[in-house]
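> I would like the entire structure built from these sequences, with the hints used as guidance.
Spelled out, the chains give:
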Amino acid sequence: MMSESELRWEIFRRSLMRAKPAMLGGVFLILLVVVSLSAPLIAPQDPGMVDVNLRLKPPVWMEGGSASYMLGTDALGRDILSRLIYGGRVSILVGLSSVVISGVIGIVLGLVSGFFGGKIDDLISGFSEIQLAFPFILLAITIMAVVGPGLLNIIVVLGISRWVAYGRVVRGQVISIREREFVEATRALGYPLYRILFMQILPNTLSPLIVIATFAVAGNIISESSLSFLGLGVPPSVVTWGGMLSEGREYLRGAWWMATFPGLAIMATVLSINLIGDWLRDYMDPRLGDDM
Amino acid sequence: MGAYLFRRFLRAVVVVVGVSFISFAVLFLSGAPTDTMVGEDWTVEEVQKLKEDLGLDKPWFVQYALYVGRAVQGDFGESLRYRQPAFELIMERLPATLELALVALVLSIILAFPVGVISATQRGSPYDHGGMLFALLGQSMPVFWLGLMLILIFGVSLRWLPVSGRSGWEHLVLPAIALSTYSIARNARVVRSSMLEVLRHEYVKTARAKGLSEWIVINLHVLRNSMIPVITIIGLEFGHLLGGAVIVETIFSWPGVGRLLIQAVYAKDFPLVQASVTITALIFVSLNLIVDMMYSVLDPRVRLH
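Line by line, the protein sequences give chains E and Y.
Residue numbers are given in my numbering: position 6 of the first sequence equals residue 27, and the series is strictly consecutive.
Residue numbers are given in my numbering: position 156 of the second sequence equals residue 1246, and the series is strictly consecutive.
Since the hints were derived computationally from the structure, they do not count as laboratory data.
The model shown is predicted, which means the values in this text are computed figures rather than measured ones.
The reader is advised that the hints may include incorrect statements.
To be verified - With beta-carbon atoms standing in for the labels, derived distance ranges:
(1) Y:Leu1326 to E:Asn225: 21 to 31 Å
(2) E:Val177 to Y:Leu1377: 27 to 37 Å
(3) E:Met220 to Y:Tyr1094: 33 to 43 Å
(4) E:Glu271 to Y:Arg1173: 28 to 38 Å
(5) Y:Asn1309 to E:Leu214: 50 to 60 Å
(6) Y:Leu1310 to E:Met305: 33 to 43 Å
(7) Y:Gln1138 to E:Leu62: 51 to 61 Å
Think of the CB as a built atom: it goes at the ideal place given N, C-alpha and C, for glycine as much as any other residue.
Next up, the structure:
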């Protein structure tokens, strides 16, 4: 006999096995994480190594290409493939850590807002509405313009720009279950508030939160690369896919590979995450449909 | 109805006050704007005099009140770079941005509907798979990369279309495609899932059982009822397109507010940054308000919330 948790795991596993696109996305992401983590070991070249004699070499399959520089070199003779491998680290780091920040802010404010209601709720809801009045990219550009480019800055800015989605879901769920018997019973027994919030209410909101967080990782990766492309994200001394694209923009005519490959890397990553997100949404809650 | 609209309007006012506060904070936190105005040969007294003239020696809440007082009269201060009122600079460029966003919106509606409707009515067919594959790719592509690829293919290789500036419709083609792709992809999925939702209902089965033709079932019963979520999303879409225009305008050198904003950011021209962000946010808030009002007319249940 399987225990309940084993059974759940089995259902999860079988559902995933059936979902081929999500599997494909998963495999790509695992590969990406492994490659990024072991970047110093597997990158064929030093990503920062400048050699003007090697500048603007085309990919290996074109005339003049070389097997040591599979995807060609940029205007400073740096290896595109190695830079792609290193750039993946930034995307993953920013994508995940900013989701953690917005998740924590959103969950805490949503719990407080939904559980206490009244003035606090009005205040938090009002604040989220003001934040939503700015198109997201505008808000991020504005803040980055003031604080300046930087890895930590971009993580924090993306983190605080996207908490509202989590806050709203948690608040809605809290309101719908705070009057239910099992919550009332725990209150009557005199359990401390944080226990009720975190042990009883939060687990009930987990499924939609996981789905939102998955899509948010993809959204953050695109936002980071957009801001880095504009020169407002991560400083140029750090290799990023957005930064590579921005350099490639100047050489579109002569060296198409400079701008093409980083974009493909972003697209493949975001697509993989979205495929997993689509599947997770159906798996977690088939009623959610696909129009979130 | 009146009470609902009034409450909704009040909320929009609160939001506008919040927006003004945040955009004020941007300038306030960016440090003294006098730094870029002061010449190297200025004395301490002269700098102090300039700060007093601009009201920068006063506490922040007085400065905020002065800022709001001027802003409601359309005075957002002077651009440090252009030495012109920021409001004028933005109004000059607003038509270009609105034109781009509007064309993208129209493209999005014209293309997303057929793709979504065909995908839903022929679920599982090659059309459905093709449409949804396009939608997935469209949602995963960063807009600036799509823009560069369009330039590379249609501008550099094929030489079919111009890739920068604004004069004549052919300049509009590539930026509008770049800006609308994400929106087409997303709306196609929304239309599809919204229709699938309605197709599940009993009354659709009834209509079919009555022997009505599939054309009538789809047009009369399904399409109409799946429009409400679609209308809301399309209303809000325009606002998102205004945000996306910032990047597309930069790539295609489209002379709109987005490009002005990015150039102002590079030049540390904070009064201009502040003014463009505030005005874009105001347009966004007004659009949301209009959409909500239309929505409450279309679907009376909304007013109860």
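> Confirm or reject each hint.
Hint check results:
Checked against the hint of 21 to 31 Å, the C-beta distance between Leu1326 of chain Y and Asn225 of chain E comes to roughly 29 Å, which is consistent with it. Roughly 29 Å separates the CB atoms of Val177 of chain E and Leu1377 of chain Y, a value that falls within the hinted 27 to 37 Å. Between Met220 of chain E and Tyr1094 of chain Y, the C-beta spacing of about 38 Å keeps the proposed range 33 to 43 Å intact. Between Glu271 of chain E and Arg1173 of chain Y the beta carbon distance is about 30 Å. The supplied range of 28 to 38 Å therefore holds.
Between Asn1309 of chain Y and Leu214 of chain E the C-beta distance comes to about 54 Å, which sits within the given range of 50 to 60 Å. Against the hinted window of 33 to 43 Å, the Cβ-Cβ separation of Leu1310 of chain Y and Met305 of chain E comes to about 35 Å, which satisfies the hint. As the Cβ distance of Gln1138 of chain Y to Leu62 of chain E is approximately 59 Å, the hint placing it in 51 to 61 Å holds.
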